[in-house]
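Novice: Sequence:
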Amino acid sequence: MRKTILVTLLFLVFFQGFSQANYPKDYFIKPLEVPLILSGTFGELRTNHFHGGLDIKTQQREGLNVVAAADGYVSRINVAHWGYGKALYITHPNGYTTVYGHLKKFAPEVEAYVKKQQYKKQRYTLELFPQANALKVEKGKLVAYSGNSGSSGGPHLHFEIRDGKSNPINPMFFGIDIPDHQNPLIRAGVVYSFGDSTNVDGTNAVKELIIKNKNGNLVANPITAYGKIGIGINAVDKLDGALNNNGIFNLQMTVNGKKVYEHEVNTVSFAETRYINTLVDYERYYKKRQKIQRCFVEPSNKLSIYKSLINNGYLTIEDGSSYNVEITAKDFKGNTTKLIIPIKGKKTTTIVKTKSEKTPHFFRANEFNKINKENISVAFPKNSFYEDIYFDFSYANNIVKLHNGGVPLHRNFTLTFDISDYPAKDKKQVIIASINKKGRRSYASTKRKDNKVYTLSRSLGNYTLAIDSVAPKISPVNFKDKQWLSKYRYLKLKITDNLSGIKSYRGEIDGKWVLFEYEPKKNLLTYDFNDGKIEGVKHKLKLTVVDNVNNTNVYIASFNTK
1 MRKTILVTLL
11 FLVFFQGFSQ
21 ANYPKDYFIK
31 PLEVPLILSG
41 TFGELRTNHF
51 HGGLDIKTQQ
61 REGLNVVAAA
71 DGYVSRINVA
81 HWGYGKALYI
91 THPNGYTTVY
101 GHLKKFAPEV
111 EAYVKKQQYK
121 KQRYTLELFP
131 QANALKVEKG
141 KLVAYSGNSG
151 SSGGPHLHFE
161 IRDGKSNPIN
171 PMFFGIDIPD
181 HQNPLIRAGV
191 VYSFGDSTNV
201 DGTNAVKELI
211 IKNKNGNLVA
221 NPITAYGKIG
231 IGINAVDKLD
241 GALNNNGIFN
251 LQMTVNGKKV
261 YEHEVNTVSF
271 AETRYINTLV
281 DYERYYKKRQ
291 KIQRCFVEPS
301 NKLSIYKSLI
311 NNGYLTIEDG
321 SSYNVEITAK
331 DFKGNTTKLI
341 IPIKGKKTTT
351 IVKTKSEKTP
361 HFFRANEFNK
371 INKENISVAF
381 PKNSFYEDIY
391 FDFSYANNIV
401 KLHNGGVPLH
411 RNFTLTFDIS
421 DYPAKDKKQV
431 IIASINKKGR
441 RSYASTKRKD
451 NKVYTLSRSL
461 GNYTLAIDSV
471 APKISPVNFK
481 DKQWLSKYRY
491 LKLKITDNLS
501 GIKSYRGEID
511 GKWVLFEYEP
521 KKNLLTYDFN
531 DGKIEGVKHK
541 LKLTVVDNVN
551 NTNVYIASFN
561 TK
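No gaps in the numbering here: position 433 of the sequence shown is 433 in UniProt numbering, and each next residue is one more.
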């Protein structure tokens, strides 16, 4: 019996290790025909999520050929204003799917397929799931052109390889080679105290380490400590040919030569990616724009990135003992940088303590929490917060203060205003707006029910009510009314809205719907005359734009073509 159990355990261990490392190394080719230089690595720390692919530079240009990484078929097409923008999903015979995001346009056959559906549905944004035999592709053949669509901050190709469960895996495991001869950078380190008697250098405040380079190693000035502490670092990776600050691959910590912490982001589950907010010191990032990765695992952390843990990475420092802590940041190619932190255990009875601010509202993370005051209410579902919190709330001068943006949320809260006292003419134009640090108002998606408006959000901060009574603006960009446009390829118009934002638009030529592509980053609508021949000489353009409270503007112009 024991022998059977032992064999089974050995098989499971072997299978787990084998399955993790046995990715096909020569199945996929690179998706671009230019040398691969990255602006973003897999597993990189992003706001509320891990980066699920490689961001490949396109030489600051759009329109580069994007090729299929392997044989397969187009299984999904998404055209969106934000997110991945124009994105293509190709499923391969080996069960993996490759993703190509922020595209400018698709290859001719795919583009024709998409436009046919756009004209059929009379909308620009859509999501399509073609049959397996509809759009087959060959390895190395053109499937799209690189671009800057969606939430992209500049021209590049977002490339992913996903498994059969749609979980992205680091493409470098599949032989997608990125030149990298540079070591990661450790730019800062901090130490946290946990417990009333715990201290670092005599205080329970967050201790910032002073780091110096000594003989090629990074060494922090010695510190004294006592009790339960945790350490975090700010680390980035540098790759060949780029100045970007990329994400590291592996982070580990040893104490007196014994490993107590290690994490490695090999794959990303969309179900758990938001728990990145328990890995990163979110409050510090909010205040200082510095991403500190904790080398310890908090109780609410449900990430499955950890390879080795002792006491969840927390250190218990004893009086009179000495500790040599080494933190190593490593990239995918094995380049490493080490930070050495000497710690001396020293118990002290005099501790400078930071004041913890207490408020009338104490929220337990594992409970439903709600506040009602006057004409507003705010409700937080169970497990919205990652830890218990004294919640800072106020409502004055029509501004609701919901703590501050330095506290992350895992679930949406509901903020509701009763607008029964508003004049009837204003009720349909009332919106909820968030207020940033500079006092600027931004539309918060507002829903209506009876005499109430409400919004769902995962961003704490200040909110207020506003009235949007101004219709969107429409301005022609490259033509004038009654102009001859025979030699024009495109019609371009700019649309903007002062507050609630654009909800919808509809373009017609001679009474028939035509496709206007919308680029919200540029407020630009573009019609391509190549979409179809327009019969006749004199034509009428009608563009209707509606904002999120249904203020409507209609632009009408005439033009001539031969």
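Hints should not be assumed to be uniformly reliable.
[Said to hold, decoys possible] When the alpha-carbon atoms are kept at most 27 angstroms apart in a straight line, the in silico DSS-like pairs for lysine-lysine are as follows:
1. 104 with 214
2. 449 with 494
3. 533 with 104
4. 141 with 228
5. 382 with 401
[Unchecked claim] Cβ-Cβ distance ranges computed for the label pairs, FRET-style:
6. 334 with 393: 45 to 51 angstroms
7. 368 with 116: 46 to 52 angstroms
8. 132 with 370: 20 to 26 angstroms
9. 406 with 215: 37 to 43 angstroms
10. 370 with 290: 15 to 21 angstroms
11. 484 with 164: 52 to 58 angstroms
These are calculated hints, taken from the structure and not from any lab test. Values in this document were obtained by computation on a predicted structure and should not be read as measured data. C-beta: ideal position from N, C-alpha, C; glycine also.
Novice: Has the hinted range 20 to 26 angstroms been met by the Cβ atoms of residue 132 and residue 370?
Specialist: At roughly 49 angstroms between Cβ atoms, residue 370 and residue 132 fall outside 20 to 26 angstroms, so the hint is violated.
Novice: Is the straight-line distance between the alpha-carbon of residue 533 and that of residue 104 27 angstroms or less?
Specialist: holds (23 angstroms)
Novice: Could you say whether the range 45 to 51 angstroms given as a hint is met by the Cβ separation of residue 334 and residue 393?
Specialist: holds (49 angstroms)
Novice: Is 37 to 43 angstroms a correct range for the gap between the Cβ atoms of residue 406 and residue 215?
Specialist: holds (38 angstroms)
Novice: Should the hint that residue 370 and residue 290 are 15 to 21 angstroms apart at their CB atoms be regarded as holding?
Specialist: Roughly 34 angstroms apart at Cβ, these two residues miss the hinted range, so it is violated.
Novice: Is the hinted range of 52 to 58 angstroms satisfied by the C-beta distance from residue 484 to residue 164?
Specialist: holds (56 angstroms)
Novice: Could you grab the alpha-carbon distance between residue 382 and residue 401 and see if it respects the 27 angstroms cut-off?
Specialist: holds (21 angstroms)
Novice: Assess, step by step, whether the Cα of residue 141 is no farther than 27 angstroms from the Cα of residue 228, and give holds or violated.
Specialist: Violated. Residue 141 to residue 228 sits at ~57 angstroms, over the 27 angstroms cutoff.
Novice: Taking 46 to 52 angstroms as the hint, is the beta-carbon distance of residue 368 and residue 116 inside that range?
Specialist: holds (48 angstroms)
Novice: Given the hinted pair residue 104 and residue 214, is their Cα-Cα distance within 27 angstroms?
Specialist: It is violated: about 49 angstroms lies between the C-alpha atoms, which goes past 27 angstroms.
Novice: For residue 449 and residue 494, compute the direct alpha-carbon distance and say whether it is at most 27 angstroms.
Specialist: Not satisfied, since the Cα-Cα distance of roughly 33 angstroms exceeds 27 angstroms.
The earlier numbered hints that this structure contradicts are 1, 2, 4, 8, 10.
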